[in-house]
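Q: Single-letter residue listing:
There are 2 protein chains.
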Amino acid sequence: MTLSTQISSELSLEDFLKLPETKPANEYIEGRIYQKPIPQGKHSRVQTKLSTNINQVAEPQQKALALTELRCTFGGRSLVPDIAVFEWSRIPTDEDGEIANRFESYPDWIIEILSPDQPPNRVINKIIFCINQGTKLGWFIDTDDKSVMVFQPNKLPEVKYDADILPVLDVLSDWQIKAADIFSWLKVK
Amino acid sequence: MTLSTQISSELSLEDFLKLPETKPANEYIEGRIYQKPIPQGKHSRVQTKLSTNINQVAEPQQKALALTELRCTFGGRSLVPDIAVFEWSRIPTDEDGEIANRFESYPDWIIEILSPDQPPNRVINKIIFCINQGTKLGWFIDTDDKSVMVFQPNKLPEVKYDADILPVLDVLSDWQIKAADIFSWLKVK
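Chains A and B supply the protein sequences, listed in that same order. Here this note's numbering = 1-based position in the first sequence + 1. Here this note's numbering = 1-based position in the second sequence + 1.
No wet-lab data here; the hints were simulated from the structure. One should not assume that every hint holds.
[What the hints assert, rightly or not] Straight-line alpha carbon distances no greater than 30 Å define the calculated BS3-like cross-link-like pairs of lysine-lysine that follow:
| hint | chain 1 | residue 1 | chain 2 | residue 2 |
| --- | --- | --- | --- | --- |
| 1 | B | Lys-156 | A | Lys-137 |
| 2 | A | Lys-156 | B | Lys-179 |
| 3 | A | Lys-156 | A | Lys-50 |
| 4 | A | Lys-179 | A | Lys-190 |
| 5 | B | Lys-156 | B | Lys-50 |
| 6 | B | Lys-188 | B | Lys-50 |
| 7 | A | Lys-147 | B | Lys-147 |
| 8 | B | Lys-188 | A | Lys-156 |
| 9 | A | Lys-147 | B | Lys-188 |
| 10 | A | Lys-43 | B | Lys-43 |
| 11 | A | Lys-147 | A | Lys-43 |
[What the hints assert, rightly or not] Listed next, with one range per pair, are the computed distances between beta-carbon atoms:
| hint | chain 1 | residue 1 | chain 2 | residue 2 | range |
| --- | --- | --- | --- | --- | --- |
| 12 | A | Lys-50 | B | Arg-91 | 41 to 51 Å |
| 13 | B | Thr-49 | A | Thr-53 | 42 to 52 Å |
| 14 | A | Glu-15 | B | Thr-23 | 54 to 64 Å |
| 15 | B | Ser-45 | A | Leu-14 | 33 to 43 Å |
| 16 | A | Leu-20 | B | Arg-103 | 25 to 35 Å |
The C-beta atom is built at its ideal place from N, Cα and C for all residues, glycine as well.
Input sequences plus hints: build the corresponding full structure.
A: The structure is reproduced here in structure tokens:
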């Protein structure tokens, strides 16, 4: 039994995008709709804390921006990464210079946090799709195994544990974060 | 909670190999021992049927051999793949020309089947380790998602579904198998 249930089939991307947004968000992949799982404690904690940490180093100097639950439509799919990070120059804007509502390109960095009962291959496939579309970096976080699988173009992924330094975007290379740092956030007492 | 529990720590590989075998098998990874999960129905069905199918095409012409739950010790780790496939010329033998008991090299093809509650990153890390040691092909089978993630050297993995043809060892290239073929075996009634 999976939480990312397939709800319907054989719908065009155009028609999918006309549907009202749901919570949790739906994703459109090759003619099918999949609903993201309902976030639970560990997932939510890592998503919130990690996006905050990224923005603390990325935002002040306008290097990049981390956005949670942002719909990104590109390459015939409409995906909602747990965290999508865009380099500053690639953030789409409207005529007023404000951040656009519609994101129609791949994030530079995609971060997915595995939810209980979520099929890992489906989530990893989403990361691989992004990398093949232009994304430079993918993280797949498993709070159970306390590990981060790192995806980069044209190479095998690497699984990072404990004191392993996690690769970040080049524009954030001043910043260092270890796998253990992420899982330390789970400890709240 | 994971089934592949870490039982002890800080043991040499040499000392680990002197310990009695257990069921399910223990694996030795970077000074630590992890016990494989107890196989369940779907896992066992795919493991048995897939190894049988591989041997049906691989054994008659002495192309390759699929072996289940075989201990392979190499690169400082001692691993027990769900299915290890060795090309015929690489099967170790004793003085009598019989198959050896100790396998001290990487399999040419490693197949892992995800068990419920098993941390995917840990299993995938095992596949990536093998590929980095010389293994040409890795399959990571998720019976829940009905998909196979395929690993090959120096490239991003690919996730195969439904009618997608699964890459096999070059020596078995006469043979074609689809992702759906594997999951059709789960249906027994």
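Q: All hints, please: hold or fail.
A: A quick look at each hint next to the structure:
no. : hint                                : result
1   : B/Lys-156 with A/Lys-137            : holds (14 Å)
2   : A/Lys-156 with B/Lys-179            : holds (24 Å)
3   : A/Lys-156 with A/Lys-50             : holds (28 Å)
4   : A/Lys-179 with A/Lys-190            : holds (21 Å)
5   : B/Lys-156 with B/Lys-50             : holds (28 Å)
6   : B/Lys-188 with B/Lys-50             : holds (12 Å)
7   : A/Lys-147 with B/Lys-147            : holds (25 Å)
8   : B/Lys-188 with A/Lys-156            : violated (36 Å)
9   : A/Lys-147 with B/Lys-188            : violated (34 Å)
10  : A/Lys-43 with B/Lys-43              : holds (29 Å)
11  : A/Lys-147 with A/Lys-43             : holds (11 Å)
12  : A/Lys-50 with B/Arg-91: 41 to 51 Å  : holds (47 Å)
13  : B/Thr-49 with A/Thr-53: 42 to 52 Å  : holds (48 Å)
14  : A/Glu-15 with B/Thr-23: 54 to 64 Å  : holds (56 Å)
15  : B/Ser-45 with A/Leu-14: 33 to 43 Å  : holds (40 Å)
16  : A/Leu-20 with B/Arg-103: 25 to 35 Å : violated (59 Å)
When held up to the earlier numbered hints, the structure conflicts with 8, 9, 16 and fits the remainder.
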